[in-house]
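So the sequences go chain by chain: P and U. Note that the working numbering has the first sequence beginning at 1, numbered continuously upward. Note that the working numbering has the second sequence beginning at 1001, numbered continuously upward.
You may find that some hints are simply not true.
Just some of the chain P residues that point at chain U, by a computed CB distance under 8 Å [claimed, not checked]: (1) Glu56; (2) Leu110; (3) Arg112; (4) Pro115.
Read the hints as simulated data drawn from the structure, not as lab findings. Treat the numbers as computed from the prediction; the structure is a model and nothing was measured. We treat Cβ as the ideally placed atom computed from N, Cα and C, and that holds for glycine.
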Amino acid sequence: MNALALRGVTKEHAATPPVLALADVSLTVEPGEFVAVTGPSGSGKSTLLAVAGTLERPSAGTVEVAGKSTEDLSDAELSGVRCRELGFVFQQFHLLATRSVLQNVADGLLYRGVPPTERLEHAAHAVAAVGLAHRRTHRPDELSGGECQRVAIARAIVGEPALILADEPTGNLDSVTGAEIFALLHRLHEGGTTILLVTHNDELARRTPRSVVLRDGRIERDERR
Amino acid sequence: MRVGSRVRAADVGPLALLGLRGRPVRAALSATGVAIGVATLVAVLGISASSQAQLIAQIDALGTNLLTVSPSAFTGGTTSLPPGAPAMIARIGPVTSDAATADLEVQVYRNQRIPSVNSQGITVKAADLGLLSAVEGHLWSGRFLNAATAQMPAVVLGHDAAAALGVDKADGEVSVWLGNQWFDVVGILEPVPLAPELDLSAIVGFPAAHQLLHREAPPTEVYVRADPTSVAAVTSVLAATADPSAPQNVSVANPSDALAARADASTAFQSLFLSLGAIALLVGGIGIANVMVIGVLERRGEIGLRRAMGARRVHIGVQFLGEAATLSLLGGVAGAVFGALAVVIYASLRHWSTTVPLAALAGAVGVALAVGAVGGLYPAWRASRLSPAEALRSV
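Work out the full structure: start from the sequences and follow the hints.
As structure tokens, this is what we get:
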């Protein structure tokens, strides 16, 4: 069973003339893999992540998440797929300013219908896993950028999804902090987490076990080390 | 079928409060519009209910069976009733008591040095001894005229007349200059709700009017108490009885009708103020809708994140609708409290018993909730229709 399988995915953005963001992309991610997707700006990296994350539907082709096709699913059913199988990490962290670290992480389980006390228990483990146990009661505005991104990563892994989708997670961080976040992703990968990382940082991409290079919406290279 | 995403019922409330806690000042300000509307509604309904209860209690206490007979002001006839009118009215079966007054063409002054133009509008009246019981009047001080003092230079002042003359005691030691002689003040009346014309009067006995002031004193007003079950029948025969030759010159009135009209008049104002309250509430609802639309624009990132974490459209919609409803509910409850408080203060200042209709409280809060929910529909719909990818990109 694949964690993610894109088959012949094409994505056109509505505009005049239409923008072809992805052209016949096929990509399979096995459970336990750590894949970096790189490419210049406008190469379709973010669109690839949005389509893989079922945030957008492809114009053509199919997307399978955790071995199941998403083609015939309704919008509500796609929400269910994201809720159960996917975890997202974004460049801007997207933490809720009024909630503590622990609550922000626990919110990762909100739409699974998990009872509040159970959510907080899982959140405590996830916060410890990213090394922020001492910061659990703090609010996002009391944290550094690197710590905020750790919280966001904890929120993504708290439900142990089949696949983590990380969109430029180091984009807002200085190089030292970015390297720390990358190291954290590495550690999670070694613990068995499947990660698809979109980045324009080629240096980081070279240190992942597999890197895919996009250019003009097509896969130019797909290397395993 | 794969297990979809869902939100526990217990999580809906905290979700609705989340946005309000993030921006407490904005939340308070936008709830203020609704609060003002609800406070207006509750205060108007409460004050008019209290005032009506007060008037009805007053009417009940004073009785609705007092009738006044006076010369008609419109027919251009005489300014007095026939001299025999009081006696004939007393002979009507269901009349339980009656008392005549006669306006005397003399003036009253504090002393003889006051210029004669300064009469202050006080009417000097001669009155029967039964006047006080007929009009349900009460003495503020001293006593009313009796068979003895009615023949003597003694005067009872109406409440406003006493104030105008600067007389505040009625122990017989204070005298006023009435018809060019000294009259001792023996009594001061409380205000008389059913015969307010007595408040600015100085009342002497008929014998004193004849013998000391040398006035004819034909009756100008007869106060009649009728059996409560026969008020209509007595009303219909009073004019013809008072002046059989020219009944059209006689006007018959029921003073409690005036009080009842006041109660009705307050409902006329009530609808005006209620419309103002409703408009304030509407504006408050639009304010909430406005703030929610801004909130949806500002929180696109949060909406995108929630969609990415598995929230369905309906979850997003319910969160924002719940936020709008919570806002208006807070405003509604605060407004109801302030409105009720206004009623209590107003009623206690007027020495009324406070009446705040519970239906008005519950209704006003309910209307506020409905206004907020309707105002939140459009923002909630917009939030739920946001595409997750676009919502995340836009930040």
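We went through each hint and held it up to the structure:
1. Proximity of Glu56(P) to chain U holds as hinted, the smallest CB-CB distance being about 5 Å (cut-off 8 Å).
2. Proximity of Leu110(P) to chain U holds as hinted, the smallest CB-CB distance being about 6 Å (cut-off 8 Å).
3. Here the hint on Arg112(P) is kept, as its CB sits about 7 Å from the closest CB of chain U, short of 8 Å.
4. Taking 8 Å as the C-beta contact cut-off toward chain U, the hint placing Pro115(P) at the interface holds, the least distance being around 7 Å.
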